[in-house]
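**Q** Protein sequence lines correspond, in order, to chains V and E. Taking this note's numbering, the leading residue of the first sequence gets 1, the next gets one more, and so forth. Taking this note's numbering, the leading residue of the second sequence gets 406, the next gets one more, and so forth.
Just so you know, not all the hints are guaranteed correct.
What the hints assert, rightly or not - Quick look at which bits of chain E chain V covers, simulated, 3 or more residues with Cβ under 8 Å:
| hint | region |
| --- | --- |
| 1 | 447-459 |
| 2 | 635-641 |
| 3 | 647-657 |
| 4 | 675-685 |
| 5 | 773-783 |
Stated by the list, open to error - Just so you have them, the derived chain V footprint on chain E, three or more residues with Cβ under 8 Å:
| hint | region |
| --- | --- |
| 6 | 556-570 |
| 7 | 615-627 |
What the hints contain is simulated information worked out from the structure, not anything from laboratory work. No residue lacks a Cβ here, since even glycine has one placed at the ideal position from N, Cα and C.
Number of protein chains: 2
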Amino acid sequence: MLQIDPDRLWQSLMDLAQIGATAKGGVRRLTLSDEDRLGRDLFVRWCGEAGMTVEVDGIGNIFGRRAGTDGDALPVAMGSHLDSQPSGGKFDGAYGVMAGLEVVRTLNDAGLRTRAPIEVAAWTNEEGSRFVPTMMGSGVYAGVYTLDYALAQTDVAGISVREALHGTGYAGAAQPHALGAYFEAHIEQGPVLEQSQTTIGVVLGALGQRWFDVAITGQDAHAGPTPMETRKDALLAAARLVIEVNRIATTFPDYARGTVGFLQVKPNSRNVVPGEVRMTVDMRNAKDGTLSAMAAELERCAATVAADCRVDIKLEQVVYFPPSEFAPDLVASVRASAQAHGYSHRDIVSGAAHDAVYMARIAPTAMVFVPCEGGISHNEFENARPEDLAAGCNVLLHAVLARAG
Amino acid sequence: MLQIDPDRLWQSLMDLAQIGATAKGGVRRLTLSDEDRLGRDLFVRWCGEAGMTVEVDGIGNIFGRRAGTDGDALPVAMGSHLDSQPSGGKFDGAYGVMAGLEVVRTLNDAGLRTRAPIEVAAWTNEEGSRFVPTMMGSGVYAGVYTLDYALAQTDVAGISVREALHGTGYAGAAQPHALGAYFEAHIEQGPVLEQSQTTIGVVLGALGQRWFDVAITGQDAHAGPTPMETRKDALLAAARLVIEVNRIATTFPDYARGTVGFLQVKPNSRNVVPGEVRMTVDMRNAKDGTLSAMAAELERCAATVAADCRVDIKLEQVVYFPPSEFAPDLVASVRASAQAHGYSHRDIVSGAAHDAVYMARIAPTAMVFVPCEGGISHNEFENARPEDLAAGCNVLLHAVLARAG
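Work out the full structure, taking the sequences as your base and the hints as a guide.
**A** Structure (structure tokens):
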């Protein structure tokens, strides 16, 4: 059975990680920065050395293409992103692109031609750290955002995507083309695989998300002279909502998750009953119907808590991503490939969004997860084991071969 | 029955409120500022005009004294403070001093001599806004702090109490003297009297206080990929503690109060499970034993929550004030005085500390509360009705006469 070269994959990741390397062993390669440009240059050079042709589209997405034997077959693509968080790691995104490149190199070494063309994509601005929205390049490609909208976005210094993109020389003219399939390999960015000592995560899809801003208005009062029964304590109401969000997420089915990550108290003084709290709620679920039911339950709880605590609660939904279900035949092929290699594997859903979430809207899509140390990501200490990365790449190789013929 | 002059009392309060008057109708008369000096000057002038002798002690406490007929009788004192919060009101503190002055003026007008001397005290730095600790002047007088300790405290600009006190010219040499009784009239700074449409609060004592700093350490995690059951959510633990503090305060007897006024989340990002929370707990009770039981119950809850949420919780007590019980005979005399005037009255405990709390350690002490609008204080919109202030002053007058003979 054909195998990728684990050392070459690891070396490519380490070479790429030199660009924007941080003192603590992480990577700072912000979208369309000089470091991003140098990362792109290296990737394009490697594509050329692997005999691929390279195209760049209007938002800077890069496509390396290895021709197939059937001129009419739609390409089978792999990919992810080369940009990082401000204090990011060496594997988030980079792994999916380098794994795609390694698959092509392996096919080259074996002298194998596939029926369908094979592509390796590097999507622009997945992280959304410098420019929002996140997953900008794949979003434009999938028609979620118009190119003009994306190019007009600015960073905190007022520099537009258009300007920054021209600065890198990666403002291309390629038009979107149809894809026969899209595979993305990625570190899990969560603890499930590591904790269950599993090498391969067969990703069924990505959780849908509903994000809320919550504003709670009670009334400031002195902690001493104000009896409990006359208080309008905004923090007490907030605490009850935090508990309810947790209850909803632990009792609803379908990979339900619920998080209050942000909470701010006013006036935030030791001996003053808080009159105001702003907080967020992040709810996720694999099924759209269950996600809606979670949101409805949150609304119901907010009304009850507001009445009980004599406060006003405003709940505003600020983000909605429907759940993505990946293509069952591609998912099955990832599972079969893991099985064929004898890798331990389990079905998993992606709690985070990835470029694959947008690609799933326009092409049959699947993802391969490998464990990362402690589930830690978006952090300079992000780490993954070479053998796990190699296993994921082997699974990718065989899933792609199964599709590309 | 002898009555004070309501208009003169009101006019004195309004004249005093001119010093440090703010645009919104409040007062900014920070401890030992120019405004505090001008306020002191006015009070000292009025004491002189009322025929009182004036003494100042080492921490700047001012005592106006009206001689009695019995040279051996211990003085009966009234008082409060002239300093204000940065955005304070016209009545907090000022009322107690002006009411004392009005009692003396009324006695003068009536040509009444008391057996015991009568004093009106203005305590230095009750508010603690510019210099901590609060209730500094009465604390030094009562022996809670040494004079040297108090004089060495500095404001944010590094100016010491010693330096600021010399700047005002109110660094005196008077030694503490024994008091036969101490009465303090004060606005309630809470909603109880107004809500129950009561004119006079007969203050039984002041709540004891235990303040805690709480540090909760869990672990940051991505809100998406991290399943609920593996989280160590510091904010979930904090929310449970907020609920427990409220439960304790609403179920324990003896005027129990419990407040989480301050809560800070890290990293405080919408899609990150919080790894750290710092918060405060303020517990109050009229009985020391019950206050201890509340603290013990908090400790017990913290341990349970820490185990349930897989987080570490550190609870540190940073302030302990025992409850003050005022002198039963003086309290009874305040009640009898309210009754004699036909004022509606109710027993009440002070949720906040006052100079009277320290004075109660060295002399028989009582307080008279009058309603303030909406229970609001420490605010430029602090307000009180002239008729309520006059009623409180009449009660003070007769309680003092009952004691001073």
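**Q** Confirm or reject each hint.
**A** Now the hints, each set against the structure:
1. 447-459: Since 0 is below three, the answer is violated.
2. 635-641: Three-residue rule met by the region 635-641 of chain E, so holds; n is 4.
3. 647-657: holds (count 5)
4. 675-685: holds (count 6)
5. 773-783: holds (count 3)
6. 556-570: violated (count 0)
7. 615-627: Result for this restraint: holds, n = 3.
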